[in-house]
Structures are given as C-alpha cells and as structure tokens.
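**Q** Residue numbers (the working numbering), protein chains in the order written: chain P, 1 to 78; chain W, 1 to 400.
Hints listed in this document are in silico derivations from the structure and should not be mistaken for laboratory results. Computed from a prediction, not measured in an experiment: that's the story for all the values here. Please note that the accuracy of each hint is not assured.
To be verified - Just a sample of chain W residues kept apart from chain P, beta carbon distances all over 12 Å, derived:
hint	residue
1	E279
2	R335
3	E373
What the hints assert, rightly or not - Think about it this way: if two alpha-carbon atoms lie no more than 20 Å apart in a straight line, the pair counts; the simulated SDA-like pairs of lysine to any residue are:
hint	chain 1	residue 1	chain 2	residue 2
4	P	K9	W	D96
5	P	K9	W	R105
6	P	K9	W	D62
7	P	K9	W	S54
8	P	K9	W	P98
9	P	K9	W	I347
10	P	K9	W	L108
11	P	K9	W	H65
12	P	K9	W	W102
13	P	K9	W	G346
14	P	K9	W	P97
15	P	K9	W	V63
16	P	K9	W	T101
Claimed, not checked - Computed Cβ-Cβ distance ranges for the label pairs, DEER-style:
hint	chain 1	residue 1	chain 2	residue 2	range
17	P	S7	W	A336	20 to 30 Å
18	W	G78	P	A64	33 to 43 Å
19	W	D8	P	G36	55 to 65 Å
20	W	E323	P	S7	23 to 33 Å
Heads up, the beta-carbon is just placed ideally off N, CA and C, and yes, glycines get one too.
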Amino acid sequence: MRIAIDSSKCQGHARCYALVPELISVDDYGTSSVLGDGTVPPDLEERVRLAIANCPEFAIGEVAPDGAGASPEGTASA
Amino acid sequence: MARTAPVDDWASDFDVMDPRYIADPFGIWDDLRATCPIAHTNRRGSNWLPTRYSDITAIAHDVSHFSSLEVAVIPFEGEEPEEPVLPYGLPPISSDPPLHTWSRRLLLPWFSHRRVAGYEEMTRDLCSGLIDGFIDEGKVDAAEGYAQQIPVRVIAHILGVPASLSDTFTGWVRDVLEFADDPERRMAGMEALITYFVEEVARRREQPGEDLLSELLRTEVDGAPLEEGLVLGTAALVLIAGVDTTWSAIGSSLWHLATNPEDSKRLATEPELMPTAIEELLRAYAPVTMARLVTGDVEVAGCPMKGGDRVLMNFPSANRDPEVFEDADKVRLDRAINRHVAFGSGIHRCAGSNLARMELRVALEEWLRRIPEFRLADADSVTWAGGQVRGPRVLPVVFG
Numbered sequence: 001m002r003i004a005i006d007s008s009k010c011q012g013h014a015r016c017y018a019l020v021p022e023l024i025s026v027d028d029y030g031t032s033s034v035l036g037d038g039t040v041p042p043d044l045e046e047r048v049r050l051a052i053a054n055c056p057e058f059a060i061g062e063v064a065p066d067g068a069g070a071s072p073e074g075t076a077s078a
Numbered sequence: 001m002a003r004t005a006p007v008d009d010w011a012s013d014f015d016v017m018d019p020r021y022i023a024d025p026f027g028i029w030d031d032l033r034a035t036c037p038i039a040h041t042n043r044r045g046s047n048w049l050p051t052r053y054s055d056i057t058a059i060a061h062d063v064s065h066f067s068s069l070e071v072a073v074i075p076f077e078g079e080e081p082e083e084p085v086l087p088y089g090l091p092p093i094s095s096d097p098p099l100h101t102w103s104r105r106l107l108l109p110w111f112s113h114r115r116v117a118g119y120e121e122m123t124r125d126l127c128s129g130l131i132d133g134f135i136d137e138g139k140v141d142a143a144e145g146y147a148q149q150i151p152v153r154v155i156a157h158i159l160g161v162p163a164s165l166s167d168t169f170t171g172w173v174r175d176v177l178e179f180a181d182d183p184e185r186r187m188a189g190m191e192a193l194i195t196y197f198v199e200e201v202a203r204r205r206e207q208p209g210e211d212l213l214s215e216l217l218r219t220e221v222d223g224a225p226l227e228e229g230l231v232l233g234t235a236a237l238v239l240i241a242g243v244d245t246t247w248s249a250i251g252s253s254l255w256h257l258a259t260n261p262e263d264s265k266r267l268a269t270e271p272e273l274m275p276t277a278i279e280e281l282l283r284a285y286a287p288v289t290m291a292r293l294v295t296g297d298v299e300v301a302g303c304p305m306k307g308g309d310r311v312l313m314n315f316p317s318a319n320r321d322p323e324v325f326e327d328a329d330k331v332r333l334d335r336a337i338n339r340h341v342a343f344g345s346g347i348h349r350c351a352g353s354n355l356a357r358m359e360l361r362v363a364l365e366e367w368l369r370r371i372p373e374f375r376l377a378d379a380d381s382v383t384w385a386g387g388q389v390r391g392p393r394v395l396p397v398v399f400g
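Okay, chain P solo, but in the shape it has when bound:
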C-alpha cells in the first residue's frame, strides 16, 4: 500500500497526523505531507485507512499500483 497527500486540498485539519504520525509530517502552516515515498508498512495499514476515512478535505488517498490516484473522491497526485 502506498499513499499520497494532495497539498492543494490539504487545509491543515491534521487528522492524518494524529492517526499516523509515523508516516506524516505537518509544517508550521498546517500542511501535511507524506514522509518518504508514502509506502505504508503493513502494521500501519489499518491506521492509514482510518486517516484516509477521516480527512474532511479528501486530501489523502491510496496510490494505485500503476501510480494513478485512487483516493475515494478523485485523485491524490503521486
């Protein structure tokens, strides 16, 4: 599983950071980004799915294996 955050959609609610701080960093302006290339270790997958399901801006999503976005609402650019 690999995830990406669309920074143009992220508004800094920081729900993803609260759920998986191991994979997310938030800058001083509240914008979240994915650490590394967004590959999710298997033991974090459950919490990552919650992070995707709790984002009020639909800004975080799973990246399909071919690299295309596959977040529930449109795309999260890789």
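Given chain P's structure and the hints, the job is docking chain W onto it.
**A** Below, chain W without anything else, positioned relative to chain P:
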C-alpha cells in the same frame, strides 16, 4: 431576554436567536434536513441556513460565490463609524484571497503542533489549579467556574496580555458574540476591546516582547511593516475566536458527560478512548456557525441565492447529517470514522484547531482524573448561549 418574535415555520422564517433553537437545535435541523434542507428567513436581511453536510461543505469551498467579508451570524444593525478602526475586519477570518492567504500565514505558525505542545503544560496546571479551588466543595458551575476560565488564559499568554484581565476579556468577547443582537452592547464590547489593543500596540512599540502582538509589529510584508489596522484586527480575532468557541466546546462536553454517566465512567476508565472521544464530542457539539456573503446570483440545491444574501454555515448541523454519519444523533466515544467539520471546511479551517483540541483534551483529562463521577445539580438551571457560538453558560454540577 429574547429579542425575537417566536418562530412558527423554521423552513421559511427561521431565527437562530430563538430561545428554542439556542436550547435544542438538533430536532429542528433533523426536520429541515428531511423536508427543506436549505431554510430561509427575511429576519435581519435575506439569510439562508443549509443543514446538509454536502451543501455546507460545497458552499465552504466555493469562495468566489460565498465571500467571508461578513462572517457574523447576526449582521451589525447599529451605526457604523465613518472611519473604521479595523479597515480589514478581523483577518484572515473576515477576508477572501489574496488578503486571506497571506494574513493567515502570519497566524498559523502560532498554532502549529510544535507551538501548541509548548502551551500544554501551562494549560494542565491551569486546569488543575481551577479544580483545586472547588473540589472540596463538591459542586461547581462547570461553565463559569471551569470551562470559561481555561481558553482565555491560554490566549492571553499567546497575546502577551495579563491573565488577570481574563474576566474583562471574556466580558468583551461575550458582548461581541453572544449579545450580537443588541447593537449597543455589541458595539461597546468591540470598542473596549479595540481601545485596549490600541494601547497594547503602543506599549509593544516601546517594549517589544516575544508575544504574538510584538511579532506582528515586527513583521514586514513586501518590505513594509504591517498596517496597524491589520495588526489590531488579527489580535482582536485571536481573542474573539479563541475564547468563546473552545470554552463552549469544553462546556458542552462536560454537559454531555454529566448527563451520560456511562460515557464519563467509560472515558475515565479507558483513557485510550480520548482521541476518538474528543473528535466525537467536537462532532456532536460543534459550537461554531459562521456566515458567508453571497457575491452574485447563484443556485444551491434549487435555492435561488441573490447577491447580498447571507448564508449561515451550519457546520454543527452538517455534523449531524445521517447521510454521512451512522447513528448521527448518538454520541459514540469510539467512533472511528468521523469526517466532521466542527472546525469548518476549505480555506477557512479554524486556524486555532490544534490549540482548541489540546485545550479540550487537557480540560477533560484533568477533570476526569479528579472528578470521574459527577452529575447536573439541577437540569432546569442549565442555560445555553447560541447564534454564532453554542455552549452552556450556566452548568451547575455536583460530585463526591
């Protein structure tokens, strides 16, 4: 107390200052959502009240049709001064891009996770000290004696103004928000607040500190210092938006726990539930409604909105929409999927949301650690404020 005529038809003549709406709006929203999801009224101008999550988040994202130049739920009906002291209002909340974009960037770092973590210890000490003051009595007004005392002191610390003036600050903020339908009181509160900050700004120019006000005075944008009107507006915003809101969220959460002892028992014995519980209490008792000004004719869900109309951004009702939330009317402290919009949606997401969450969590943690079991002393004596910000104002509880 009520300055409004009673409402007979919520769909066509609603009034957010109606005492029934203030005390218990949930059933009204449920009815509207099912029958007329965007209500309208001609009270205080032409105002729309969306109730569905989908409409409210769509409007929040459409900043070209829905401006933030007027965010007060109750439009000011007094006489406007000829030369406003705050030419930009309270940026960034009362602005649109591009002013919104850069003025918000001035404020956000003060409420980052890193900064907010630095305010946690003082918040905990503050909560603990408040509880020390009343725990032996076995009773307290949890609104006035606890919830109301917390955010104002943290905000005073951030602004670098004396915590000893907390009750005065709280009074001004209540005048502006809670008594907004009394133009004289509202104007007097705003004037007192601005006069205070004008003096503080003069003092900071002489003796700068490390506080937000001093930092704003040091800030240059495009090579020029910020205009004083913008500094004053931003400082006023931090006080006005940072006090009533979080105090209301803490108060509503304590009201919920006092009236649902199984939940307070569960939260006291299963502290690992705190993260989902905080989000759930924010969802169920979201305190804040903001307004938007319609910039030109636009249709939303079949409703013909005209330029100059206002839309009341009913985030609290969005959070109760059964299309989005399972058992939307039930508080489930372990709700894992909770895409609530208590802090708004889109570019105006509450800039202080990290701080508000920390204050709410610490206030509940300290309360439940010392007072795991408590109940309302007298349900009939509980009073609520509403309109822009909903929360309990009198909340007598007993314990021990």
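**Q** Decide, hint by hint, whether the structure agrees.
**A** A quick look at each hint next to the structure:
1. E279: Given that some Cβ of chain P is not farther than 12 Å from that of E279 of chain W, nearest at about 8 Å, it is violated.
2. R335: 10 Å, violated
3. E373: At roughly 29 Å from the nearest Cβ of chain P, E373 of chain W sits farther out than 12 Å, so the non-interface label holds.
4. P:K9 - W:D96: With Cα atoms ~17 Å apart, K9 of chain P and D96 of chain W stay inside 20 Å; holds.
5. P:K9 - W:R105: 16 Å, holds
6. P:K9 - W:D62: 13 Å, holds
7. P:K9 - W:S54: 17 Å, holds
8. P:K9 - W:P98: Roughly 17 Å between the alpha carbons, so the hint for K9 of chain P and P98 of chain W holds.
9. P:K9 - W:I347: Distance ~9 Å between K9 of chain P and I347 of chain W Cα, so the pair holds.
10. P:K9 - W:L108: The hint holds at about 17 Å.
11. P:K9 - W:H65: 19 Å, holds
12. P:K9 - W:W102: 17 Å, holds
13. P:K9 - W:G346: 8 Å, holds
14. P:K9 - W:P97: Answer holds: K9 of chain P to P97 of chain W is near 16 Å, not above 20 Å.
15. P:K9 - W:V63: 14 Å, holds
16. P:K9 - W:T101: 14 Å, holds
17. P:S7 - W:A336: 20 to 30 Å: 26 Å, holds
18. W:G78 - P:A64: 33 to 43 Å: 57 Å, violated
19. W:D8 - P:G36: 55 to 65 Å: 60 Å, holds
20. W:E323 - P:S7: 23 to 33 Å: 28 Å, holds
Checked against the numbered hints above, the structure breaks hints 1, 2, 18 and satisfies the rest.
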